[in-house]
Amino acid sequence: MSGPRSRAGRRLAAALLCVLAGAAASGAARAESVVLSISQGEVLITSSFAGADLAIFGVAEAKGAGTPPPDVVITVRGPTQTFLTWRKSQVIGLWMNTDSRAFLDVPGFLSVMSSRPAPTFAAPEVLRAEQIGLDRFLLVQRVGPDFADVVASDPFRTAFLRIQAAHALYQEDPGGVVLLAPNVFQAQLRLPGHAPIGRYEVHVKVLRDGRVTGEARTHFEVARSGFEQSIASFAHTNGILYGISVALGSLIVGFLANLLFRKE
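Numbered by mature numbering (1 follows the signal peptide of the UniProt record, and there is no 0), the letters in the sequence shown go through residues -31 to -1, 1 to 233 in order.
Everything labelled a hint here was simulated from the structure, so no lab data went into it. Some hints could be false.
With a cut-off of at most 20 Å between alpha-carbon atoms, the simulated EDC-like pairs for lysine to aspartate or glutamate come out as follows [claimed, not checked]:
id	residue 1	residue 2
1	K57	D68
2	K32	E1
3	K32	D178
4	K57	E1
5	K32	E184
Distance windows between CB atoms, simulated [said to hold, decoys possible]:
id	residue 1	residue 2	range
6	S16	L148	32 to 40 Å
7	T51	P161	44 to 52 Å
8	I221	P143	27 to 35 Å
9	I132	V4	45 to 53 Å
10	S8	G162	14 to 22 Å
11	G167	F26	54 to 62 Å
12	S16	W64	21 to 29 Å
13	G167	G218	25 to 33 Å
Note that the Cβ used here is the ideal one computed from N, Cα and C, for glycine as well.
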């Protein structure tokens, strides 16, 4: 008899097969060239950093006169992280953490922008295979010893997306890509002040008649600058000394505060 873990494994295998099959089916059609550019190759974080706005520009291959403009989807993924979500339940009158799921190697930042709502320009199976939209993005969970990407209505997945969206770390804008000309597009990406440090991948897909006909990739970096970078580097390379210095600093501050209050 197959248990829930086996079924979870089969669901993950089926999801991966759908992605691979969709990619294989549309691979031959992806002959359209796309040029992509971003306004900043590096975003530097200082002590006063409150966020940044980046402009993404692109040009799709020109088609014949009378050809409708393409649909464009831009997905921006931040560095991967592992997140743990908990479910609270009432036990003997107390609310306690009773169940958990780990989301493994998922983007710490994720933004999906498109020229119009995705269901209006592609079939559900294409959107799922291409992972267009937050609801269709593959988020692998650890379910006991197994791994699965469960249905979109899964409460753990729903809660995770809600929490990330509340912190502006997961964003979706179905009108965020603007066509400046029939084959020229632009989008504005907003990074919050607490955006993760690391490499961000920008992936653009151009669709015509519900199929991906071209794509392009670029990237940018989010990095610490100045004093913050020096402290981070010291903490990374001299962990023990950093811990001792922080502890000593706390003791000195506490001692000085005690003297000040005694005088008063």
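Evaluated hints:
Straight-line distance between C-alpha atoms of K57 and D68 comes to about 7 Å, which keeps the hinted pair within the 20 Å bound. Distance restraint check for K32 and E1: the Cα-Cα separation of roughly 10 Å lies within the 20 Å cut-off, and the hinted pair is therefore satisfied. Straight-line distance between C-alpha atoms of K32 and D178 comes to about 13 Å, which keeps the hinted pair within the 20 Å bound. For the proposed pair K57 and E1, the alpha carbon gap of about 49 Å is over 20 Å, so the pair is violated.
For the suggested pair K32 and E184, the alpha carbons sit about 16 Å apart, so the restraint of at most 20 Å is met. Here the CB-CB span from S16 to L148 is close to 39 Å, well matched to the stated 32 to 40 Å. A beta carbon spacing of about 20 Å between T51 and P161 contradicts the range 44 to 52 Å that was offered as a hint. Between I221 and P143 the CB atoms are about 54 Å apart, so this pair departs from the stated range of 27 to 35 Å.
Our hint of 45 to 53 Å for I132 and V4 is violated, since their Cβ atoms are close to 36 Å apart. Taking 14 to 22 Å as the suggested C-beta distance range, the pair S8 and G162 conforms, at roughly 18 Å. G167 and F26 have their C-beta atoms about 23 Å apart, which leaves the hinted 54 to 62 Å range violated. The given range of 21 to 29 Å is broken by S16 and W64, whose C-beta atoms sit roughly 37 Å from each other.
At roughly 28 Å, the beta carbons of G167 and G218 sit within the given window of 25 to 33 Å.
Going down the numbered hints, you'll see the structure goes against 4, 7, 8, 9, 11, 12, while the others check out.
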